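> Now for the letters of each chain:
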Amino acid sequence: MRLFLLELLPFLALVSAIFVITADNPILGVLFLIGVFLTVSGYLALIGLTFLALTYLIIYVGAIAILFLFVVMMMDLNLLDLSELPSVSFPVAAILASSLLASLISLLNQCNIPFWFDSLNLIHLIPSLSSTLSWSSTFHLIEHLHVLGLALYVAFPLLLIIVGLILLLAIIGPIVLCL
Amino acid sequence: MNDNSLMTNSLVLYLLGLLGFLINRRSFINLLLSIELMLLATTLVFLESSYFFDDLIGLPFGLFIIAIAAAESAIGLGVLVAYYRLRGSITLEQF
Amino acid sequence: MVILSILLLAAALPFSSVFYFSSIVINRVAILVLLLSSLLAFNTLLLEPLGVGVGIYGGVCLVSVISQAFDCFILASGSLLLVLATGILPMKSLYYWSSTREEITHDPLSKLIPLILLLSTLGMSCLVTSSDLVTVYLSIELQSLPLYILACLYRDSEPATSAALKYFLIGALSSCLFLLGSSLLYALSGLTSLEGVYLVSSLGVGYSGFLIPVLFIGLAVLIKLPAAPFHYWAPDVYDGVPTLVTSWLAIMPKIALLAFLLLYQGLSQIGGIVVTEQSVWGFILLGSALLSLVLGALLGVAQYRIKRMVAYSTISHLGFLLLALGLVTPQGLEAYLFYLFQYVVTSSNLFFVLLVYSNQVLETWGDSTVFLEQPKPEKDPSEESYWLEGLSVMRTPTTKPLLISSEYNRISCFHSNPVLALSFAICLFSMAGIPPLIGFFGKLLVLTTALDSGYYFLVFIAILVSVITTGFYLRVIRVLFFDSIHFEISRSTEMILRRAVLSESDPKPLHSMVIATLSLIIILFLAYPYPSLNSLHLIALSFYFW
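Residue numbers (my numbering), protein chains in the order written: chain A, 1 to 179; chain B, 180 to 274; chain C, 275 to 820.
Bound-form chain A, shown alone (with noise of 0.2 Å):
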């Protein structure tokens, strides 16, 4: 049941994207939105990331997603307007698109992905990676919750700080745009 739905939800998650980006509606594109996040965070918490997934739900789900159907309802939208496709541009994408993901197809497949953790020794070499395997040794009896508060808090202050700063901004920026 559960490698059924490993197998299930990235599959729904991938048709949902598809009816995105081909929605004519904005308000279909949202809604199929939310539901490639559901799809998306159901499979975080089957893999085990349930801290993620539940972000996944909060943020995206209840903050963004529900951000943009306010923006677009308040916009009175004439959908006649934008019912018709001048999709020029169409081959072109379609060939680049398709190129891009045959080469980075061929690149995931060139290599094992856990590819020298095994054969070869770099452990001593680097220094991060080795900070963060010893981490992972030692950590793995504490919960996910608790390694990636760590993780935040005490390897990564420096960034955490910026992100605040960056959410400020995403205060400022509204009020300032649409005050």
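Zero decoy hints are in this set.
So, partial list: chain B residues that the calculated Cβ filter (under 7 Å) puts toward chain A:
#1 S206
#2 A249
#3 V260
Computed Cβ-Cβ distance ranges for the label pairs, DEER-style:
#4 A/Y153 x C/L313: 28 to 34 Å
#5 C/G745 x A/I66: 53 to 59 Å
#6 A/G164 x C/I737: 47 to 53 Å
#7 C/L485 x A/L6: 28 to 34 Å
#8 C/P709 x A/L67: 55 to 61 Å
#9 A/P157 x C/P709: 49 to 55 Å
#10 A/S98 x C/P503: 18 to 24 Å
Partial list, derived from the structure: chain B residues whose beta carbon lies under 8 Å from chain C:
#11 M186
#12 F200
#13 F207
#14 M217
#15 L218
#16 S228
#17 E251
#18 A261
Since the hints were made in silico from the structure, they are not lab data.
Remember, it's a predicted structure, so these values are computed and weren't measured experimentally.
Every residue gets a Cβ at the ideal spot worked out from N, C-alpha and C, and that includes glycine.
With chain A held as given, fit chains B and C onto it using these hints.
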């Protein structure tokens, strides 16, 4: 568990976002949605690979990307509202 | 770096809550803060262990001599450009010409400008010190998100908002590309620290899979700089937004992103990179340099609006910079640093002069609106354009008036303010690379090092291109000095304009001081070039040989 297939899934998600960004001529909202898709896909790549590596760096990075996606969409919507207020439409004919 | 960020934070945060200071006071405080932190960065430049680079904050930042130098430089030029913002008239006074000084000093929006700019500067100074993909991404976002807001700040003007929208879309797309690259890099290597990635790739696992992610990241940065194949957004955006914002957009992110490109490449040097990767990336840099040179010059010739012209000339300057960056030698690095220095000095001088001109036009408008023959009804703020007998003088009343290059004819500029026109001409000559000025030495250094490395074709193209760009700079100068009035401006209006310009629209003292200093630097560089050249030489050497 074949992790390559999962990674491929999220890359396809990214490419769908990119495709949506490129072929979209209808409205700015759809462009923003495509950007959100791309951000989601890269976050997924980070989370999955950190899961498979049993590594810690990917998780905070994913969290940061989520936060920044929120900030970016807020600012983008702000710009969009300012634009809409002047033009009365959000189609991309002018570009 | 610690002190810098704390200082900037402490300076930035109260601004949002303090609303009873006048905007000018806040602006001056911001300028002082930037100068002070630039001095601090300059001080730390002298520390001994910085030579090899010190990782701080658990390795997410790497402080070295070159990053400190860039830090110092960014902060100093940020404070310089903030001086521009002191003279700016807030939006309200642009709608209603009768606004008093009270309104000007209490406009909340003009108070927010320093805050936004400070945040953006903080992002830039983080960017040059960052050595980890997470930090790089976050600081790129921190430096570009304020710029989107800034571009849209004059939210009642149609070109500004549409330019801001375009800027936002391009910026978001390129940061998505950056994220794709970094996530692939992480998926392939399990590392996010740049140094670790390069170390692994240099260990010679025979692994070329890093190539694509590394290229994605580089392309994302090239999109953000408007380097050539991706430059289409730049002229529209630079033209649409107000001149003040244009000056910031055209100079500051460029310094930071170029510094990041340098470090990005430099780390690859340290790691002794896989051969194919280096050559592909160098090839892309040189190709982009070639394209930017050619396209910037050729398209710039066809422009009539001066800010579009400036945008294209910026692109061609970027071509020179990328050329110097693409030759991976210490001399190339030195030329690169020097070119960057002279580019920033010259173009900030250019923007100062442009802004003073637009202020002049604005003030004359303020005087003469009474006499306008057929203004559009009621000076509606959202009105798209003013019409002075069919001649659109300012596209919008709410942005800073956008100068049309042939519009200089209106008041033959040389006679109204000879010194200002002279310094404008000096700027343009220096950008064109006329010998005794500073721009000539920049081009000279770049071209000679390129010749030494054997890129004959590129040098040939670059020389051709600089001749072409001289052509369009000279056109502006001709308009500036020699053209007489050939618009059908009614006699009375013209007299009013002339009187107003002659009598009372002198530039603000601070502005004129800055313009004078920068022009003197540009001219007198020849007399005493050793300190700057030597210090740049030392920085370049330290980057390569420490």
